[in-house]
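Student: Listed here are the chains, written in short residue letters.
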Amino acid sequence: MNKGLKKLTKRNEPYIFLVVLALALLIQFRSGQFFTGNNLVDIASAMVVPGLFAVGTFMVILSGGIDVSFPALASLTSYATTKMLLDAGYTGGIWLPILISLSLGAALGAFNGYFIGFLGLPALIVTLGTSSVFKGVMQGALNSVQLATIPPGMQAFGTSSLFVASNPLSGLTSRMPVAFLVFASVLLVSFLILRYTFLGRGIYAIGGNEVSAHRAGFNTRRTKFLLYVFVGMMASLAGLIRTCMMQQNHPTNMLGMEMNIIAGVVLGGTAITGGTGSLTGCMLGTLLIVIVENSMILIGIPTIWKSVFVGALIIIGTGVSAWQVFRANRVAKVRFFRKEVPTI
Amino acid sequence: MSGNVKASSLRGILAGRNAHIWRLVLVMVGWMAFMALTKYEKFYTLINFQTMASQFPEFGLMALGVMLCMITGGIDLSPVGVANLTAILMAFLLKALVGPEGGLPGYAIPLVFLLGALTGCLLGALNGLLVSKVRIPPILATLGMSELLAGVAIVLTNGNAVSKLPVDYALTINSRIGGLIPVQLVIFSVMAMLIWFLLSRTTYGTKIYLLGTNARAAQYSGLNNGRLLVKTYMLSGACAALGGLIMLANYNSARANYGGVYVLQCVLIVVLGGVSPTGGRGRISGVVLAIFLLRMLETGINRFPQISSYYISLIWGGVLLLVMVLDYLTNRGTRPGHGKSKAPGASAA
Amino acid sequence: MPESLLRAVGIHKSFAGVHALKGVDLTIMPGEIHCLAGENGCGKSTLIKIISGVYQPDAGVLEFNGKSLQKITPIDAILLGIQVIYQDFSVFPNLTVMENLALNSELSEKHKLVSWKRMRSIAQDAVTRINFDIDLDSIVGTLSVAQKQMVAISRALMFNARLIIMDEPTTALTRREVDALFRVILQLKAQGISILFVSHKLNEVFEISERFTIFRNGELVRTGQTSELDSAKFTYYMTGREFSEQKFIPGEIGKEPLLEVRNLTMRGAFEDVSFALRAGEIVGVTGLLDSGRSELALALFGIRKADSGAILVKGKGAAIRSPRDAVRHKIGLVPEDRLTEGLFLPQSIADNLIIAEIDRLAGRAGVFDREKRAREIERLVKEFAIATPDPQNAGQTLSGGNQQRVVLAKWLACNLDVLVLNGPTVGVDIGSKHDIHGILRDLARQGMGILIISDDLPEVIENCSRVLVLKAGKIVTEMDADHADEQRILAHMM
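Protein chains in written order, with the numbering used here: chain L, 679 to 1022; chain P, 925 to 1273; chain U, 8 to 501.
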């Protein structure tokens, strides 16, 4: 048992969990409003979209890559889907929109995957470029404007709830959206892929040492390609869910989210150089960012302080782990374990 | 795939040491020719070029800073945060300096530029310390700084624009020297020349190229990596701050969220300009060309009212991807380890 | 006549016009330990990659186990029973020993889903085959080099390997670890597995192999029984030159020490280390990999900090906290791994040469004196006979030996008093090794103090006027060159 405990303290997740817990307790003591049904449901519901993005971002960073194009990808696919269905006067259920989004997402993800996986170009630059292209297609070619109405099926999906939690003190109620189930199942599927398929182990292996992965018999190009396709699908799903939950499509308001998502994933202990990290940590890191963005108001800190906290969190969180790594390397004399560490 | 390419002379030039620069020149000349054929009267006017020259310095300066950081093997994602915070602080200062008749004292503008640049240096030094001493990967350190600085800017201004500035400031920066050359262009040129000089004529330049190539070997060669990094991020901060001061004049106001697209745009420019994202390689001429190219593309497209200006984003991303693929195609087989393990290279010999 | 396991005849391979292999032959018998030797760039790595399916030969016949190998992929090679253990071991530092061991076999069986139970039992089988005692759940990145190598060997054995190719397996191993490795190799041979042992270390070739093949410049020079080989022949086949190594005879030795170390201690690395180095001396420090020898080098150069003790330069206490301080006190370090620590490969030879003395070539505010810079580059290229048509070419265009000379020149340009070399000839072929020793001897005769930190005992014995032996962080003995021999040093080291 002692050995198990020792292993636990070496991992990152317990620390980030303690930080989340401390923040939650702080908010609870100051306001008495954190551990209330409606606040927890609010947080869960606010987790859905960032959570979906974070899962994809996590897998990409794990493989040693990075993706800054997912907000543009999600915006483009959700806009295109909504617009297409509106124009067609579609009145059916949520399945068709999901299907269309997923296929568009897969196609655009394949675009990223081709450049990164098959041509071996640097991921940051490629996704910067494709991000720009996706935006251009959406705003230029599709001439996007805000869509104030969405097809009834999507509307129904966005308003349907699993249950409603109410706060006896304030009388506020919050709905747990059905979309949370989608998020939970994506999380489960991703976990299973990462843990129990060789595609998933391949992502870890590539992040650890790409040349070795190739020699070991992983089809590294195809694995990376499929990874970006999968990530594109998840991002497009997140975009669609956001549209449904907001009951409208605003083409540009997801743009710029990439930085906070990446920050959450890295805060959760995922090494920016690839190879190490866990879904649990990634979710905890994202949760931390979501709580800071949503719940600080409960303790009387105005929302204008949000960025200050997120920024400080990123610097302190990454600073502490960077410093730990540096110290550990010194003490352990890891002289022959040199990985070419990409610097950006 | 054999790398046995029969090089025609044009191809020879395009694959040589200056290949990247030549490719950019080619794209630029092509675009200028296209504009000459289609919209000659509207594009080739003095006023159009003057306008362009007053617009690009704000992001051009930031891109110069990002370039320096990328040469050291890092990146700076905080230029917009630095620029906005500097602009806001200096806007407060300008409002405080304004005289009873609404005019500015003669020393005000030089003072604002001095203090602004110092602010930039200070914020950049923070980045540099986070990168070199705390050893946070640059992408994360500057990302966190960017968020933090934006946060401070929001808190200082409550998220609103700081406006109603003394008119003298905007008038001065927007004036043209000899009625011809925009002041913004002069500021940009001075910085660009300074950086060119630092990179090509001083030990600092050689040192940061080597540092970006192999930080470990740099340490083992007796270079002071920490100090070089701090210096570089300071310089980048100063560039961003000057960009912020130009934005302040161009918009005649300052706000926490101005220029949000510039962060990624700067990275794009720098990579398009031929700076290696892994460090150690890249020249200022390429980056300056890329800055011009972006401005000309955007302005040129605006001359076609039937085309949405949003297409610029599409073209821009497309050009970046195209250049990357061209690089990939020309380097395949000649540069080992660049692409896949399949590419045979010097390691095989 | 016994059937050969591997038969390669007339293999040709070119890359972008460079003829890497010019019709070489190689035959390996079942259960044989065969040594493939040759200088860097002789084509041995290319041949290995062809045998293991990474490259396709341009021409030639390749037969394995009586079957012709045509257009095979790395996976095909593995399934046929050909395993390569690369110098970097191809392990995943971020994964557990278990996964490292089991991944290859799982992949080759084209499993799509992971069974952790199956992986564990595969891994368990693998380590028991060579009695390798290790926690299967430990992360490979935290293991020692020797342990990583054992992981790689255990992994290779799982595919009913018939032929295991080891690419310079002893480079980063201690003497004791090399012995352990050789025992494993003999064990494998007993199981009927053939070993192709790639090395250019003479003593290893004699010690372990039965037959040898030597390449030079992409051509087969000689193949035969190891018993018919001797040191001089081996060197001659490898390099095409003849050398005679003689013991270093120092010139005039200074009276006062240039560098003196008193009770220097770094916790967890070395303690209470004291010695002195005089002008004209070459002092050797030797010890096992974990003896603290590398840390000592790093401490003298200010990269790692000692916890207590003093470093004196010319009799005065010197605070050496960074490489800059060391250079200021005229101490230079030629690091252990030249490719990652000593050179800027893609940058110009010129910049590589002047980087350590760069501040002296500039006037105020660091502005280069361009004429002085050009003269200095010209001088260094000439003085160190660096073979390049243009010093503006990238460092990676140079051959290995020339690259070594650049690293030396970089420091000698600074007019140092003391040069510390950590493993000066690790991974260096015989020809360049000889040249480097020559340079060091000349430098000592010119009055420099040289400290060679190395576990290459013949190197230490031949070149040093005194030898210090480090064991577990302490200096256990000091010997004169006349009294130093391998057996005695080894006895103190172990």
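No lab work stands behind these hints: they were computed from the structure.
Owing to the predicted nature of the structure, the values given are computational and were not obtained by experimental measurement.
Glycine included, each C-beta is placed from N, C-alpha and C at the ideal position.
Just to be clear, a hint being listed does not mean it is correct.
[To be verified] Calculated Cβ distances over 12 Å to all of chain P for the following chain L residues:
no. : residue
1   : R708
2   : S838
3   : F869
4   : I940
[Stated by the list, open to error] Reference listing, derived: stretches of chain L covered by chain P, where coverage requires no fewer than 3 residues with Cβ under 8 Å from a Cβ of chain P:
no. : segment
5   : 690-697
6   : 710-720
[Stated by the list, open to error] Listed next, the in silico DSBU-like pairs over lysine-lysine satisfying Cα-Cα at most 30 Å (straight line):
no. : chain 1 : residue 1 : chain 2 : residue 2
7   : P       : K1057     : U       : K337
8   : U       : K117      : U       : K74
9   : U       : K78       : U       : K29
10  : U       : K312      : P       : K1057
11  : U       : K208      : U       : K478
12  : U       : K196      : U       : K74
Student: Taking the numbered hints from earlier one at a time, note which ones the structure violates and give those numbers from smallest to largest.
Tutor: 4, 5 and 6
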